[in-house]
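Colleague: Order-wise, the sequence lines are chains A and B. The first sequence stops at residue 304 when you use UniProt numbering, and every number in between is there. The second sequence stops at residue 417 when you use UniProt numbering, and every number in between is there.
In short, the hints are calculated from the structure, not lab data. Don't take every hint at face value.
As the list claims (entries may be wrong) - Straight line, CA to CA, 27 Å or less: simulated BS3-like cross-link-like pairs of lysine-lysine: (1) A:Lys-146 x B:Lys-231; (2) B:Lys-208 x B:Lys-145; (3) B:Lys-216 x B:Lys-396; (4) B:Lys-315 x B:Lys-170; (5) B:Lys-286 x B:Lys-208; (6) B:Lys-216 x B:Lys-286; (7) B:Lys-286 x A:Lys-146; (8) A:Lys-126 x B:Lys-396; (9) B:Lys-286 x B:Lys-145; (10) A:Lys-155 x B:Lys-396; (11) A:Lys-40 x B:Lys-74; (12) A:Lys-155 x B:Lys-74; (13) B:Lys-145 x A:Lys-155; (14) B:Lys-396 x B:Lys-43.
Just so you know, these numbers come straight off a predicted model, no measurement behind them.
The chain contents come next:
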Amino acid sequence: MQKPRIRWHIAVFLAPAVLIYTSVMIFPLFNTLRLALFQKVDQERVYVGLENFRTLFFDPTWSEQFWNALANNFWFFLIHMLVQNPIGIALAALLSHPRLRFAALYRSAIFIPTILSFVIVGFAWKLILSPIWGIAPSMMDAVGLKSLFAPWLGKEEYALTTLAMVSVWQFVGIPMMLIYAALLSIPEEMLEAGEIDGVTGIAAFWKIKLPLILPSIGIISILTFVANFNAFDLIYAAQGALAGPDFSTDILGTFMYRTFFGFQLQLGDPHMGSAIAGAMFAIILVGVCLYLFGIQSRMRRYQL
Amino acid sequence: MKSKFMLAALAGTALVATSALAEDVTLTVESWRNDDLTLWQDKIIPAFEAAHPGIKINFTPSAPTEYNAVLNSKLDAGSAGDLITCRPFDASLALYEADHLAALDDMDAMDNFSDVAKSAWQTDDGSASFCVPMASVIHGFIYNKEAFEELGLEVPTTEEEFFAALETIKEDGTYIPMAMGTNDQWEAATMGYNNIGPNYWNGEEGRKALIEGEQKLTDEQWVAPFETLAKWADYLGDGFEAQTYPDSQNLFTLGRAAIYPAGSWEISGFNAQADFEMGAFKAPVKAAGDSCYISDHTDIGIGMNASTEHPEAAKTFLTWVASPEFADIFGNALPGFFPLSNAPVDLEDPLAKEFVSWRDDCDSTIRSTYQILSRGTPNLENETWGASAAAIKGTKTPEALGEELQSGLESWYAPQQ
Numbered sequence: 001m002q003k004p005r006i007r008w009h010i011a012v013f014l015a016p017a018v019l020i021y022t023s024v025m026i027f028p029l030f031n032t033l034r035l036a037l038f039q040k041v042d043q044e045r046v047y048v049g050l051e052n053f054r055t056l057f058f059d060p061t062w063s064e065q066f067w068n069a070l071a072n073n074f075w076f077f078l079i080h081m082l083v084q085n086p087i088g089i090a091l092a093a094l095l096s097h098p099r100l101r102f103a104a105l106y107r108s109a110i111f112i113p114t115i116l117s118f119v120i121v122g123f124a125w126k127l128i129l130s131p132i133w134g135i136a137p138s139m140m141d142a143v144g145l146k147s148l149f150a151p152w153l154g155k156e157e158y159a160l161t162t163l164a165m166v167s168v169w170q171f172v173g174i175p176m177m178l179i180y181a182a183l184l185s186i187p188e189e190m191l192e193a194g195e196i197d198g199v200t201g202i203a204a205f206w207k208i209k210l211p212l213i214l215p216s217i218g219i220i221s222i223l224t225f226v227a228n229f230n231a232f233d234l235i236y237a238a239q240g241a242l243a244g245p246d247f248s249t250d251i252l253g254t255f256m257y258r259t260f261f262g263f264q265l266q267l268g269d270p271h272m273g274s275a276i277a278g279a280m281f282a283i284i285l286v287g288v289c290l291y292l293f294g295i296q297s298r299m300r301r302y303q304l
Numbered sequence: 001m002k003s004k005f006m007l008a009a010l011a012g013t014a015l016v017a018t019s020a021l022a023e024d025v026t027l028t029v030e031s032w033r034n035d036d037l038t039l040w041q042d043k044i045i046p047a048f049e050a051a052h053p054g055i056k057i058n059f060t061p062s063a064p065t066e067y068n069a070v071l072n073s074k075l076d077a078g079s080a081g082d083l084i085t086c087r088p089f090d091a092s093l094a095l096y097e098a099d100h101l102a103a104l105d106d107m108d109a110m111d112n113f114s115d116v117a118k119s120a121w122q123t124d125d126g127s128a129s130f131c132v133p134m135a136s137v138i139h140g141f142i143y144n145k146e147a148f149e150e151l152g153l154e155v156p157t158t159e160e161e162f163f164a165a166l167e168t169i170k171e172d173g174t175y176i177p178m179a180m181g182t183n184d185q186w187e188a189a190t191m192g193y194n195n196i197g198p199n200y201w202n203g204e205e206g207r208k209a210l211i212e213g214e215q216k217l218t219d220e221q222w223v224a225p226f227e228t229l230a231k232w233a234d235y236l237g238d239g240f241e242a243q244t245y246p247d248s249q250n251l252f253t254l255g256r257a258a259i260y261p262a263g264s265w266e267i268s269g270f271n272a273q274a275d276f277e278m279g280a281f282k283a284p285v286k287a288a289g290d291s292c293y294i295s296d297h298t299d300i301g302i303g304m305n306a307s308t309e310h311p312e313a314a315k316t317f318l319t320w321v322a323s324p325e326f327a328d329i330f331g332n333a334l335p336g337f338f339p340l341s342n343a344p345v346d347l348e349d350p351l352a353k354e355f356v357s358w359r360d361d362c363d364s365t366i367r368s369t370y371q372i373l374s375r376g377t378p379n380l381e382n383e384t385w386g387a388s389a390a391a392i393k394g395t396k397t398p399e400a401l402g403e404e405l406q407s408g409l410e411s412w413y414a415p416q417q
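Please work from the sequences and hints to get the whole structure.
Modeller: Written as structure tokens, this is what we have:
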């Protein structure tokens, strides 16, 4: 019997990626989950089981903040799904129009905000919307809409929606690019065949292109979901760790940061912070699984 | 044989090294005040070294946001400096309890400080002090003198006069009456609630009663400041809800606002930015003749690493920090950070002088939420930020805010239960 050859090259080629990924991703992730099972009592770290999660979900002072952050997170996600993705698809459809001039210019202009840092975006929009120095009030004044202007970022009822819109502005380029690529991959012959059958213009989009790009839309939705539930930077840059006014823009990311690292006089609590991080991980995991097994696997695919 | 020889040689070098150190001790100072690096290098260190030959000081600051974490890991690793700049309250108390900071009660120089000054660096029962108080910041209001002259306004001393002045400025319309926003929330609590509040809860008396559980945040004296804050809203600029801290600073230094609810740390920045003459007044009292209280908040202290190799030299330095000579250098180099020692200090900056003069007429206290009360969850200080902002915006009633804060405090603080 011949001894099976050990294929060393597989291990050698995999090793760098596995090692790096394990040390910077997998190990910290599991260590964070482990940390959530401990609590500091009298300068000693003791194992407390799921006690931190019980506190997080059932202690009124914690659960109120947690549910508030989770609800805000869902609202943040909903705005992205309802505004960012339809606009992204519409822009892609326009850009893929063969007779559109300056398409490359529009494409770059819309995509550029995506590569900007959150800090720059947060700061720039804070200035634009500032009731004191901002250009928003004077621009609205110029078209006679001054009465509609409000200090949006400072009002409980508008702040989160405003920030979600800013985030939409920043990231609308991503769905646009993905859909644009999907639209370009639709063969001309198929559209021509449709034309012969009398499906043209808008009807061609709804009846031919949209069904073909549905898998891309699915991927975009799940990317949006993961990105939104991990969001932190924009809120932190614009509103600070207290996610004001009155926690109306507090999402899971800022809640976790505040708890983990502490804030002002509040000392950091790595164990409760890890518990929140664990809850975030679970929410995202469940969301992604629901999508993968519930929707993605049942989606109809067409061989192009 | 060989290893014994090596040991002897090592011991020999060690001896040589210690004897060299005995001649010239170098003390390393840990600090988050990297803004003060030139002050230490040009003024404080030369002055100390001139008077104390044989002791050298090495000032090694780190970034303010990283200081606590950096210091903790250095202390755990045993590589921290001999002298440690102390954050006020719980951060330093935790270091003392972990035996990283030495008790300093046996130092005579500690008698140069009042109890309020020492309160930020003491155990809860006040039995042990572990840092020499260096500086405090005082709250009050800075105003645009030219605007006040233009409108014929007098400096208000009572609340009635204060609101009358605001009303006059508002009617005139040239200036925004008061520059403050609620976007960042902390100004509302720090420059609002804890600025005017001590006059309501009688300074230390109320603050201590709250800690002991004799008063509640729902009591009249703790709710009334919120009622007063609610009246501020009419006199803040348009869109104050989204106005940030730098916005407010700029509005005032550009001469667009007449009054700025302030902490004294603003002084050097404002001196550099504003091209008009500024004055300051303390938080107005309710009725003329009432005794006044000011928030004279302890902010910086300095202590000794419990495992330092040169405790004597370190104590020599700390004694000097407690002396009037240090207070004089520090107070004048950083107008707005006031030395805490009982010895009078001659300040040159007129605005700083005005602030510090209130210590003569009024009783000092510190911010009500800082000692002990912000140790649990929910954190009273952070809650007070939100509550003060909500009071100004009028989104909640003062009574509801008092109840919210009280129930939060009661949930973890035994004396209030």
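Colleague: Tell me the hint numbers this structure goes against, listed in increasing order.
Modeller: Hints 2, 4, 7, 12, 13, 14 not satisfied by this model.
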